[in-house]
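Visitor: When you get a sec, could you build the whole thing from the sequences and use the hints?
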Amino acid sequence: MQDVEKDSFLGKAGLLKMLDRIQGEFSYDGTAYHLPVTYAITGRAIHTGDEARSVYEETGGNPLVAAECITSFEQAKHGKEEDPYTGFIVDSVLRKLGYSLVDGSILGLALLAGTPPRPDTAAAICRELQEKYILTFLAGDVISSLVESGVKVGAEYRLVPLGKKPLMGIHFIDIIARVAMMFGGVAPGDTDRLLRYAQERARAFVIVFSGLDEPEIAVYDAFGLLGIPILSVDGYEGSEWVQVDAGDAVGKGLDLKGIKVTVTAIPIPMACSPAFEGKSIRKEEMFVEFGGGRSPAFELLRSRPAEEVTDGKVKVIGPEIEDIREGSAVPLAIIVDVYGKTMKKDYEPVLERRIHNFVNYGEGTWHVAQRDLVWVRISKDAVAHGVR
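In my numbering, the protein residues as written are 923 to 1310.
Check before you lean on any hint, since a few could be wrong.
[Said to hold, decoys possible] Computed Cβ-Cβ distance ranges for the label pairs, DEER-style:
#1 Glu-1004 / Gly-1249: 28 to 38 angstroms
#2 Asp-1294 / Ser-1027: 24 to 34 angstroms
#3 Val-1183 / Met-923: 42 to 52 angstroms
#4 Lys-1235 / Asp-1114: 50 to 60 angstroms
#5 Arg-1224 / Ser-1027: 20 to 30 angstroms
#6 Asp-951 / Val-1183: 14 to 24 angstroms
#7 Leu-1147 / Glu-1242: 50 to 60 angstroms
#8 Arg-1123 / Thr-1186: 23 to 33 angstroms
#9 Arg-1118 / Gly-1001: 13 to 23 angstroms
#10 Ala-998 / Thr-1186: 44 to 54 angstroms
#11 Gly-1262 / Ser-949: 50 to 60 angstroms
No lab work stands behind these hints: they were computed from the structure. Note that beta-carbon positions come from the ideal geometry of N, C-alpha and C, so glycine has one too.
Guide: Shown next, in the form of structure tokens:
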């Protein structure tokens, strides 16, 4: 069991040594916020090793500043890591994520870092985060662990792989800093307002596994300055880190940040969440497809009298999916009958458009377009897990 306070103290010395090795100029492309954490704290644009060491001293040896300067320098020196790792996320992508936070399709942010004891431990946590509408970032061996266990990662799955090392978790903080400046009215250099914004409005928490070294522990411990709770699944004790069992980590994080989630369990043999809405199902992953120019297909929603509608009733006319040849294109009609006391004819096209969302919420189902232009795919994996 690692002592967080002791290792954090030693880690700050390690960060200083890494800062001393920075030479030349460095910066991030695709942002107006320079090194966002440092810029938000100090209002200064930092681009050289001398400036990095100077601002580190001026901020009292802030580990967040050190980590940001180090990761930016490493990226400038060696380039971005290969796919699927994102590294620094550019402003244009971040703005889209910010809109999702505003419209409620994302309820909060989480970061997973370190080396999970078993792949299924991390997979279960990530699945719960997806189902609870949490945008999740990943740093360290947890990413390879998830990939090896068959979990798909990427922004389209709301599991964003930042980098191979836990230190890349600093991008989680630079995202919060930029959101504060973009949407929260925080001016660069207004540290007090930044801290208030992060503590009061950033619905974010961190889950750490074992495997963090001393400098990384120092950086993650500094997340607490922003009111971000650190939940330790295993390997750490001390400071304000909260020890939890893996199965309780997500619930504890939500409670600590006051994130209220009401999710209706849908009894289907695949995960179902807005987290999967941006995914795609490639041809080689597809079991069957409908429409898209490959076969006739349409969808239609109709208002009907109460006596003609049975709530929850589903009727399939035609072959079951196990009777369809894998890889084929099959005609499809989706007809939805709706009754409601205040239902109007004008509501039909509005509700009909929601078919697109609901189909895409399935981990193994994909939908584009509408009416008689629809294109739907079901994945091999979904069929293997029992989707009918």
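Visitor: With reference to the structure, classify each hint as holding or not holding.
Guide: Now the hints, each set against the structure:
1. Glu-1004 / Gly-1249: 28 to 38 angstroms: Check passed, 31 angstroms falls within 28 to 38 angstroms.
2. Asp-1294 / Ser-1027: 24 to 34 angstroms: With a Cβ separation near 28 angstroms, Asp-1294 and Ser-1027 satisfy 24 to 34 angstroms, so the hint holds.
3. Val-1183 / Met-923: 42 to 52 angstroms: 31 angstroms Cβ-Cβ, so the 42 to 52 angstroms window is violated.
4. Lys-1235 / Asp-1114: 50 to 60 angstroms: With a Cβ separation near 58 angstroms, Lys-1235 and Asp-1114 satisfy 50 to 60 angstroms, so the hint holds.
5. Arg-1224 / Ser-1027: 20 to 30 angstroms: 28 angstroms, holds
6. Asp-951 / Val-1183: 14 to 24 angstroms: 36 angstroms, violated
7. Leu-1147 / Glu-1242: 50 to 60 angstroms: The hinted range 50 to 60 angstroms holds for Leu-1147 and Glu-1242, with Cβ atoms some 57 angstroms apart.
8. Arg-1123 / Thr-1186: 23 to 33 angstroms: 27 angstroms, holds
9. Arg-1118 / Gly-1001: 13 to 23 angstroms: Once the Cβ atoms are compared, 37 angstroms apart, the range 13 to 23 angstroms for Gly-1001 and Arg-1118 is violated.
10. Ala-998 / Thr-1186: 44 to 54 angstroms: 47 angstroms, holds
11. Gly-1262 / Ser-949: 50 to 60 angstroms: Given about 56 angstroms between the Cβ atoms, the range holds.
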